[in-house]
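As given, the protein sequences belong to chains Y and P, one line each in that order.
Heads up: the first sequence begins at 1 in the UniProt record's numbering, then just goes up one per residue.
Heads up: the second sequence begins at 1 in the UniProt record's numbering, then just goes up one per residue.
Be aware that one or more of the hints could be misleading.
To be verified - Partial list, computed: chain P residues near chain Y (C-beta under 7 Å):
id : residue
1  : K34
2  : N38
3  : N41
4  : S46
5  : I47
6  : M48
7  : G49
8  : A52
Honestly, the hints are just simulated from the structure, not real lab data.
Virtual Cβ for every residue (Gly too), placed ideally from N, Cα, C.
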Amino acid sequence: MSRKITGVKASAGIVIGKALLLDNSDLHIQSVLVEDTGAETSRFREALEKAKEDLLDISERVEQELGTEHADIFRAHLMVLEDPELVDTVQAKIEQEKVNAEHAMHEVAQSFISLFEQMDNEYMRERAADIRDVTKRVLSHLMGVELSVPSQLQDEVIIVAKDLTPSDTAQLDRRFVKGFVTDIGGRTSHSAIMARSMGIPAVVGTRDMTREAQAGVTLIVDGHEGIVIIDPSEKEIAAYQEQQILYDKQKEEWAQLVGTKTMSRDGHHVELAANIGSPLDLDDVLANGAEGVGLFRTEFLYMGRDELPTEEEQFQAYKQVLEQMDGKPVVIRTLDIGGDKHLPYLDLPEEMNPFLGFRAIRLCLDNQDLFRTQLRALLRASVHGNLKIMFPMIATLEEFRQAKAVLEEEKQSMQDEGFVFTQPFEVGIMVEIPAAAMMADMFANEVDFFSIGTNDLIQYTLAADRMNERVAYLYQPYHPAVLRLIRQVIEAAHAKGKWVGMCGEMAGDLVAIPILLGMGLDEFSMSASSILPARQLISRMSRDEKAKDTEQILSMSTSQQVEDFVKTQLAKTDN
Amino acid sequence: MVEKKIVIGLSHGLHARPAASFVKMATSFTSEIKLVKNDKNVNGKSIMGVMASAIAKGDEITLIADGSDEVEALAALEKMLLEDE
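Excised from the complex, chain P in its bound form:
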């Protein structure tokens, strides 16, 4: 399992379209993906979970990946959260 603390850089946070892109990318890995915000755990492959967590720009979250491709997953998803496409 790998994890990393990240400050969200996306200008609209994980809202609508960015949430969909995040979930699509998370789903493309076999590892389990989790987002932790204020001790609340969200499944990174769940569109409803990710949207409902209302993660905004500037929020500090922990990104966790657990599985055979965890290192690649963590790197790719972190990049996505740091800045707009």
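So that you can see chain Y by itself, here it is in the shape it has in the complex:
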């Protein structure tokens, strides 16, 4: 009987193959008293040397296959094995407590692992996994156990494991590994990143895949949906094979579009940009041919830590993104926190209605030290690329004017200190409050650009919390009320020669794109993986034709009507 397991989609694609269960469970360590501590110490030394040789080999191979960055992981592992606090402490333990090397190594390593696990910075917590990985390597040499990663594979397999460590993935024979499924992990865990860089499908965080799947069973891994089917029926296999062929064909078509501009069939250019949450997302952004960054959420700089980020830290992050985008536009949104998103070190009271409360620009205008630090970091970074500064949650013109005035003050004071601004930068607002959309014509006199944040605009327009399942049906991107607001913003901006982008989920939605293209939206910012499909769709449509549909769409009375109309039109485009 086929069974379906869901997890986190970590790397796109579909693969059908046999499961290879990787048993990388913890080694069972026993404590034994030893008489000859000298012999035990040399046994420890030998295991250490063997582990170092392994790591040297691996780092060289990985350097060739995957590049320096991946190899650095193993060079860091080498440094751990050379750490005197580890080596000397283990030796002292063997000599003083007369215990076996396995036990001593395990205990000492464990104390470091728990030290790192307790740190409140995610990066540091991940280092615990590195120490565990390298410890296991030494222990396996001490115990004469082979690490269970088969470096020699004969057949194509899908690796099923609790989790995959850097050592595991480095030792896998890439020619035969066609997919990963793991019990734990998220989109940014090592196994997920690895799968994406190898270009193979992966589903992670399935919780109990290792318990559900037997070795050798057939699996379908659907990395688009985050689904794994164990022991599929012939019908399921046939259906997925068909999807796989279609997807591979699609991927080839998309790959052709990476370096191209986004042009409609009738020759109009629109910009397809990416939303990012950290500089780490840039590889994905560039690989998918984004023409810019349409939304850089700066919250990550403030989260997972116990104090505000310094100006210097922020400057480095902004500069990195601007430089890597190499002159392409980068819209950086100032801090959007408060309400439901709390920072432990900012003592914000609980609110009855967080989405209508003290957040984003409202908080920044009140806590100006925090705001000014961020603005100075942005201003300093402006000389490193094509920066556009965006204020979130603007409801009234006064808010925009105040925010802009603070920015001008900081700019002036930096100029007085001798800072030279070599690049002009635009200042705009995110339109996510219906009041701002209604007043777009007034805003258009003062802002350089608008970016419509549809996730909030939709929920404020229909007064429905999209996280609340019972009212989620009211979250309707194609509702004529939402579309009328969007059109109003675009027209008001264009009347004053300003550009309009969109940075909510809707911008990458294949049903919404034809409508938005017809309305004249200038920039669409979406998750990186949506860019190439969107570019392909736009290349097949005529903007002028879509523009003719706009009036008709805006005079429809329900979301359903709009959706049906666009889907019918799209079906015609496909043929």
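Got chain Y sorted already, so can you dock chain P onto it with the hints?
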């Protein structure tokens, strides 16, 4: 033994890569190297110790070197902590 109070100038503090460079340089001297932050002592040749101490930009620490090449060690390591490469 020589020691010096230093305010960390590295923009990311002694984090990941800078920590590795620091430990590598510390290991190249025969002197013992210690970092003291808030009365806590860290072996400057221990990558795990240095990383776990989470020394950040602006922290005031005491750098101690003790051994035959202590003066050179102190000078070289101080330079490293003061500014980005």
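Hint check results:
Violation of the interface hint for K34 of chain P is found here, the shortest Cβ-Cβ separation to chain Y being roughly 12 Å, above the 7 Å cut-off. Interface restraint check for N38 of chain P: the shortest CB-CB distance to chain Y comes to about 15 Å, outside 7 Å, so the restraint is violated. Taking 7 Å as the C-beta contact cut-off toward chain Y, the hint placing N41 of chain P at the interface is violated, the least distance being around 11 Å. Taking 7 Å as the C-beta cut-off, the interface hint given for S46 of chain P holds, the closest approach to chain Y being about 4 Å.
With a least beta-carbon distance of about 4 Å to chain Y, the hint placing I47 of chain P at the interface is held under the 7 Å criterion. Because the closest C-beta pair between M48 of chain P and chain Y is about 5 Å apart, less than 7 Å, the hint holds. The beta carbon of G49 of chain P comes within 5 Å of a beta carbon in chain Y, closer than 7 Å, and the hint placing it at the interface holds. The interface hint given for A52 of chain P holds, since its Cβ lies 5 Å from the closest Cβ of chain Y, which is under the 7 Å cut-off.
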